[in-house]
Amino acid sequence: MKKFVSSVAVALAIVFAAGAASAAGKLKVGFIYVGPVGDHGWTYQHDQGRLAIEKEFGDKVETIYVEKVAEGPDAERAIERLARQGVGLIFTTSFGYMNPTLKVAKRFPKVKFEHATGFKQSKNVATYNARFYEGRYIIGQIAAQVSKSGVAGYIASFPIPEVVMGINAFILGAQTINPDFKLKVIWVNSWFDPGKEADAAKVLIGQGADIITQHTDSTAPLQIAADKGVFAFGQASDMIAFAPKAQLTSIVDNWAPYYIERTKAVLDGTWKSDDTWKGLAAGTVEMAPYTNLPADVVKMAQDTEAKIISGELHPFKGPVYKQDGSEALPAGKNLDDGTLLSMNWYVKGVDGQLPQ
Amino acid sequence: MGALEAVILTIITASTPLLLAAMGELVTERSGVLNLGVEGMMIMGAVCGFAAAYTTGSALLGIGAGLAGGVFMSLLFAFLTQTLMTSQVATGLSLTLLGLGLSGLIGEGFTGLPGVKLSAIDIPVLTDLPFVGPILFGQDILVYFSLVLVAAVGYVLFRTRTGLIISAVGGNHHSAHALGYNVIKVRYACIAFGGACSGLAGAYLSLAYTPQWIENMSSGRGWIALALVVFSTWLPKRVLIGAYLFGTVWIMGLYVQALGVPIPAQLLSSLPYLVTIVALIVISGNKTLTKVNTPACIGQPFAPER
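Quick note, the sequences are listed as chains A and B, same order. Take any residue in the first sequence, note its place counting from 1, add 20, and you have its number in the numbering used here. Take any residue in the second sequence, note its place counting from 1, add 1, and you have its number in the numbering used here.
Some clues are possibly wrong.
To be verified - To spell it out: a stretch of chain A is covered by chain B in this simulated footprint if at least three of its residues, at any positions, have a beta carbon under 8 angstroms from a beta carbon of chain B; those stretches are:
no.: 1; stretch: 56-69
no.: 2; stretch: 152-165
no.: 3; stretch: 218-226
no.: 4; stretch: 234-243
Stated by the list, open to error - Sample of chain A residues lacking proximity to chain B, with all beta carbon distances greater than 10 angstroms (derived):
no.: 5; residue: V205
no.: 6; residue: I206
no.: 7; residue: D213
no.: 8; residue: L333
no.: 9; residue: S346
It should be emphasised that the hints constitute simulated quantities derived from the structure, not laboratory data. The beta-carbon is built from N, C-alpha and C at its ideal position, and this holds for glycine as well.
Chain A extracted, bound-state conformation (with noise of 0.2 angstroms):
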């Protein structure tokens, strides 16, 4: 009896090293989405990126994903469950993960954590994000051109400096055709939600604006100003399926490059917390063929997009006015990282008051 426990044992034993073996070989990347993947925006973009990690690593990694998980207490569970379940690496894809994010990365040191579009990091955590303000730079010159009004719809989300400084990024691009460009905003507060957006686009576009723009992310918008005979752009992906003749352009996320190469990193025990913000030059931040524009604007904006990507033009450039009148950034002087990160304030031009 005995030399059958201990024979049945051991062979157990063997089972489950192997089984570890095995599975020590497989990375397992996991994946928290704030919307579902059929947003056809945000979502479905960070959705290519693990399309891609799958693709480029074929078996050795295994990719699991959580969508529509709520930022708040359910993100945490969220995390926490990917975790246990031995995930190596988990992308949490929102803002608002922050915090959860943080947390569950405490109490295990050994996963790592890469959060979007967030500022805080810790050794097992880090944060990257892309330079969405440059492509806003680029439509918002598009806009000037292209608009008879010369009043832009701005559907936002959330008052947070990432929108913040994309709303002043489009605005400051617009005044560089046609400095008395107005932008009117409004604040949706929510990330996704279609009825709002598609309400806030009608308001809009009944007050006179003739190009909308949002950042939000489903394709109401974009279908209401169809609806109605006006241009708008897309956001975070190529929305021109819901939009043939009213998408002149989208700012497309693309992830796949940093999403592979931090698989890579990982899979070869090179991987350390960080800050990453790439944005046009490197390819994270891609503008989506431009349709529906007549071909002088066209070049005009393929040329900014060059100029930005040689650093020979920088989105905030001095002198920038905020909204008060006062100057934010001197001439000649380029905004820093830092202040951009924590921008409260409009720059002059956009109609109405910054929720705080």
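The hints should help you fit chain B onto chain A, whose structure is shown.
Chain B only, in chain A's frame:
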């Protein structure tokens, strides 16, 4: 198109789904059944409507499918609460959860696809009239239907025998049973009607409001409709006022934001709820009228005494 015209059109679009769902729930509650599953029925209507419209290319078929989706969910609820006599509150909440989940499952393949839009009607001369044209004669059929529904429900409930029977069943089901009316059958019918209306409201969302399917696109409108029914003391005209008041304050909130008026956006988004509740409470100040209209047996299961 003037700004005022645009605002009014937007308000009508925003208020219609609330009105449709609330009217259905009003009839259901008048018969003594509290169906908390409005959100679930609405979202099922939305996904079924979108799926049918997308596959067939016809928005009208989509409306029919949305209606069917709502009815299906409500019959499930009816079977559980009327035949098996489960708790109406618990079953209604479960219906909501089931609806949200099931619709997500069904809608998996339809997410993010451009939809079929329910077109607005176009009467040759009337629609082109300067201001009233698009507002009165340029809406899609569901908007007109919602207004007809208010009139029809009001008429049936208060001026026909059928309405009397429904009110009797909701007011005192034992007496109604003693008088020979089939309480269960009446309630089944009213629940199905409620489901049909909620399904229509959902179909409106995915076919006219934002012609696409996204999970959870009802965004709590079912709950708003439920609250509207109660706060308007089960009277159709008050539901109409409540729904349009909610829609108006909601759109005006966005309008105010776009104008640049310095009122915090968060306050503006809570205003529709606050204003509608306050207004309806004020309207319902007449206590006797309220008592008369409250279905006394609401929420109570009916077990015919042998």
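Do the hints match the structure? See the list:
| no. | hint | result |
| --- | --- | --- |
| 1 | 56-69 | holds (count 6) |
| 2 | 152-165 | violated (count 0) |
| 3 | 218-226 | holds (count 8) |
| 4 | 234-243 | holds (count 4) |
| 5 | V205 | violated (7 angstroms) |
| 6 | I206 | violated (5 angstroms) |
| 7 | D213 | violated (6 angstroms) |
| 8 | L333 | holds (29 angstroms) |
| 9 | S346 | holds (18 angstroms) |
The structure fails hints 2, 5, 6 and 7 (numbered hints given earlier, in ascending order).
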